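Colleague: Residue numbers (the working numbering), protein chains in the order written: chain Y, 1 to 113; chain W, 1 to 118.
A few of these clues could be false.
If you want the ones that stay clear, here's a sample from chain Y, every Cβ over 12 Å from chain W, calculated [as the list claims (entries may be wrong)]:
{"no.": "1", "residue": "Q2"}
{"no.": "2", "residue": "E15"}
{"no.": "3", "residue": "T26"}
{"no.": "4", "residue": "D55"}
{"no.": "5", "residue": "E58"}
{"no.": "6", "residue": "S69"}
{"no.": "7", "residue": "L112"}
Pair by pair, the computed Cβ-Cβ distance ranges are [said to hold, decoys possible]:
{"no.": "8", "chain 1": "W", "residue 1": "N18", "chain 2": "Y", "residue 2": "Q2", "range": "28 to 34 Å"}
{"no.": "9", "chain 1": "W", "residue 1": "L39", "chain 2": "Y", "residue 2": "D31", "range": "26 to 32 Å"}
{"no.": "10", "chain 1": "Y", "residue 1": "R61", "chain 2": "W", "residue 2": "R81", "range": "44 to 50 Å"}
Just so you know, the hints here were simulated from the structure itself, not pulled from any lab data.
Predicted model only: the values in this text are computed from it and were never measured.
Here a beta-carbon is modelled for each residue, glycine too, at the ideal position from N, C-alpha and C.
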Amino acid sequence: DQQVKQNSPSLSVQEGRISILNCDYTNSMFDYFLWYKKYPAEGPTFLISISSIKDKNEDGRFTVFLNKSAKHLSLHIVPSQPGDSAVYFCAASVVGRDDKIIFGKGTRLHILP
Amino acid sequence: DTGVSQNPRHKITKRGQNVTFRCDPISEHNRLYWYRQTLGQGPEFLTYFQNEAQLEKSRLLSDRFSAERPKGSFSTLEIQRTEQGDSAMYLCASSFDWGRVGNTGELFFGEGSRLTVL
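For reference, chain W alone in the conformation it holds in the complex (with noise of 0.2 Å):
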């Protein structure tokens, strides 16, 4: 496994398009993270999974925002309707939930999904 994957790397969008981001976790994580990050800015929490079920969604995820996780592997971030304001670096993190043993409660990033809205 070579850790946590995203697709695409970048994508330059029209206002008002839908966009879609693909994570694909380290294989043996049951827990999968969204965040975004801006310039300037730290990572901002957007929802997360735990296998298939979404625990819990920031107040920061419009209604123009779904993620899922369909089969508890990889998870898929949409955004419709895009605007200049959700121009951003999409991050992805997986983790083992803390009721594991030795779990230090670290979260393995991928690399990011950047996204430009024209």
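Looking at chain Y on its own, in the form it has when it is part of the complex (with noise of 0.2 Å):
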């Protein structure tokens, strides 16, 4: 049972534009997102997270989108630039609770010149 999904598996996207990567939560008990993203070779590092409290997070290009009741999130990332071609990885977790965090399956994005 997947709590947490990515529904595409990859987005191209073209330099300069928005990338728009969705993820769905199917645990109403997530009150902590998180997204990583992973390079080839590397291990996933941390981008940008959201408690269930607020309803958008903002850090330079990248921008979080929580939808509570539609149990939605959203990373924008605006311009896109050639290195921001990577899987992405959303991620939730209950905190204070088992304090494990799940993980999508991921999405690759392609920034196209």
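Grab the two chains, each in its own frame, and use the hints to assemble them into the complex.
Modeller: The following block contains the structure:
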């Protein structure tokens, strides 16, 4: 039973345009959400997070939006740059309960020149 | 501190052999996690430690898998009697616990140990 779902295995976006990566979750207990980025042959690296008490968090070119009623979050990257080409993982956790972070399957983002 | 270090980076073994992976976390972190990642999948949680205590083990972790963190610093993950289905990337991550003020919940991952079972 997959609690964090990323239904798009891949996404191609023109350089300079907006990249939107989507994520759905099923566990209503999740109260903390994170996005990780992974390059080949490297471990995932943290990108941005959001608590369930917020609906938006912004850090430079990266913005995460959370819609709790729809159990949906999205990561916006604007403008997209060639170095953004990577696999992006959505992840979620229940803070203070079991504290493990559950990951989605990832979306491979290709930034086209 | 250069981050989370994992050894070996690659391991090729024959079915039935035992393998052990080591993880050295960021020194000030008290939480240490093991995840497994196969092709086309996200990291799957295996187990985690707070200091030397193993707090949770996934149902994915069969009896052939054992993890230790004897002094609350480095950790080892041993797989006994390896099977071809164990072939994967084994990722270690460390973090502060949630109780620490200002903790974003970020896990700091190592580069992983890739296991190939022939």
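Colleague: Look at each hint and say if it fits the structure.
Modeller: Hint by hint, here is what the structure shows:
Listed as outside the interface, Q2/Y is inconsistent with that label: its C-beta sits roughly 9 Å from the nearest C-beta of chain W, within the 12 Å cut-off. With 12 Å as the threshold on Cβ separation, the claim that E15/Y sits away from chain W holds: the shortest Cβ distance comes to roughly 26 Å. Listed as a non-interface residue, T26/Y keeps its Cβ farther than 12 Å from every Cβ of chain W; the least gap is roughly 15 Å. For D55/Y, the shortest C-beta to C-beta distance to chain W comes to about 17 Å, beyond the 12 Å cut-off, and the non-interface label holds.
Residue placement check: E58/Y keeps its beta carbon more than 12 Å from all beta carbons of chain W (closest about 14 Å). Annotated as non-interface, S69/Y keeps its C-beta farther than 12 Å from every C-beta of chain W; the closest such distance is 23 Å. Listed as a non-interface residue, L112/Y keeps its Cβ farther than 12 Å from every Cβ of chain W; the least gap is roughly 22 Å. In this structure, N18/W and Q2/Y meet the distance hint of 28 to 34 Å, their C-beta atoms being roughly 31 Å apart.
With their beta carbons about 31 Å apart, L39/W and D31/Y fall inside the hinted range of 26 to 32 Å. Distance hint for R61/Y and R81/W: a CB-CB separation of about 48 Å, consistent with the stated range 44 to 50 Å.
Hint 1 alone, counting from the list given before, is not met by this structure.
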